[in-house]
Amino acid sequence: KQEVTQIPAALSVPEGENLVLNCSFTDSAIYNLQWFRQDPGKGLTSLLLIQSSQREQTSGRLNASLDKSSGRSTLYIAASQPGDSATYLCALINDYKLSFGAGTTVTVRA
Amino acid sequence: GAVVSQHPSRVICKSGTSVKIECRSLDFQATTMFWYRQFPKKSLMLMATSNEGSKATYEQGVEKDKFLINHASLTLSTLTVTSAHPEDSSFYICSARDWTGGRDQPQHFGDGTRLSIL
Numbered sequence: 001k002q003e004v005t006q007i008p009a010a011l012s013v014p015e016g017e018n019l020v021l022n023c024s025f026t027d028s029a030i031y032n033l034q035w036f037r038q039d040p041g042k043g044l045t046s047l048l049l050i051q052s053s054q055r056e057q058t059s060g061r062l063n064a065s066l067d068k069s070s071g072r073s074t075l076y077i078a079a080s081q082p083g084d085s086a087t088y089l090c091a092l093i094n095d096y097k098l099s100f101g102a103g104t105t106v107t108v109r110a
Numbered sequence: 001g002a003v004v005s006q007h008p009s010r011v012i013c014k015s016g017t018s019v020k021i022e023c024r025s026l027d028f029q030a031t032t033m034f035w036y037r038q039f040p041k042k043s044l045m046l047m048a049t050s051n052e053g054s055k056a057t058y059e060q061g062v063e064k065d066k067f068l069i070n071h072a073s074l075t076l077s078t079l080t081v082t083s084a085h086p087e088d089s090s091f092y093i094c095s096a097r098d099w100t101g102g103r104d105q106p107q108h109f110g111d112g113t114r115l116s117i118l
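As you go down the protein sequences, you meet chains A and B in turn.
Take my numbering: the last position of the first sequence gets the number 110, and nothing is skipped along the way.
Take my numbering: the last position of the second sequence gets the number 118, and nothing is skipped along the way.
Because the hints were derived from the structure by calculation, they are not lab data.
If you're wondering where the values come from, they're calculated on a predicted model, not measured in any experiment.
Capping the alpha-carbon separation at 35 angstroms, the derived lysine-lysine pairs in DSBU-like fashion look like this:
#  : chain 1 : residue 1 : chain 2 : residue 2
1  : B       : LYS20     : B       : LYS55
2  : B       : LYS64     : A       : LYS1
3  : A       : LYS1      : B       : LYS55
4  : B       : LYS42     : B       : LYS64
5  : A       : LYS68     : B       : LYS41
6  : A       : LYS97     : B       : LYS14
7  : B       : LYS41     : A       : LYS97
8  : B       : LYS66     : B       : LYS55
9  : A       : LYS97     : B       : LYS64
10 : B       : LYS66     : A       : LYS42
11 : B       : LYS14     : A       : LYS42
12 : A       : LYS42     : A       : LYS68
13 : B       : LYS41     : A       : LYS42
14 : B       : LYS66     : A       : LYS97
15 : A       : LYS1      : B       : LYS42
16 : A       : LYS97     : A       : LYS42
17 : B       : LYS20     : A       : LYS1
18 : B       : LYS42     : B       : LYS66
19 : B       : LYS20     : A       : LYS97
20 : B       : LYS41     : A       : LYS1
21 : B       : LYS64     : A       : LYS42
22 : B       : LYS20     : A       : LYS42
23 : B       : LYS14     : B       : LYS42
24 : B       : LYS42     : A       : LYS97
Make a model of the complete structure from these sequences and hints.
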């Protein structure tokens, strides 16, 4: 069974600082990896989808890397803003099923 | 972009009541939808895969008779929590996938339903 771990569980940074969020997984036989954002009491918003053949994806201030050999993915958010405050979840995709980590809750202080 | 609408957003009801949650894909057809459950500060747990026109596939440990899933059309799946009890209180989220774009299309999520059983 795929185990997905996100450390730390919570993170607080001042505005403008770069964010580094980690996701580790036990089974490297994944197909794709997806990063999501979840605001309190809300559903999930897809941020980036990395296919297993790719090593990274970028969208604006967001960059996500994938290293299957080490079982890790990292989400970088450049120049953080208060609006980036949310919980960030990574999910491993295998056979169309998603295995989620518990998320990292980010607070960006103005 | 692809939109998934989930209704209602919040339900508060008495123990023993059955509650139906709807999940609709608004601008694409979804032959498969997924139902998740999320506990506070925990990861989403896949409950079942909903297949249009056929029976849902439930994950291990999920009671089929407790969580009834119907996927009668290409844009609508429903989850009915039967005879709900306080331990069923949770955040339920659905997702749907647009299969027309190929295998690598992402899943799109609804805004979730907060279910509180008194």
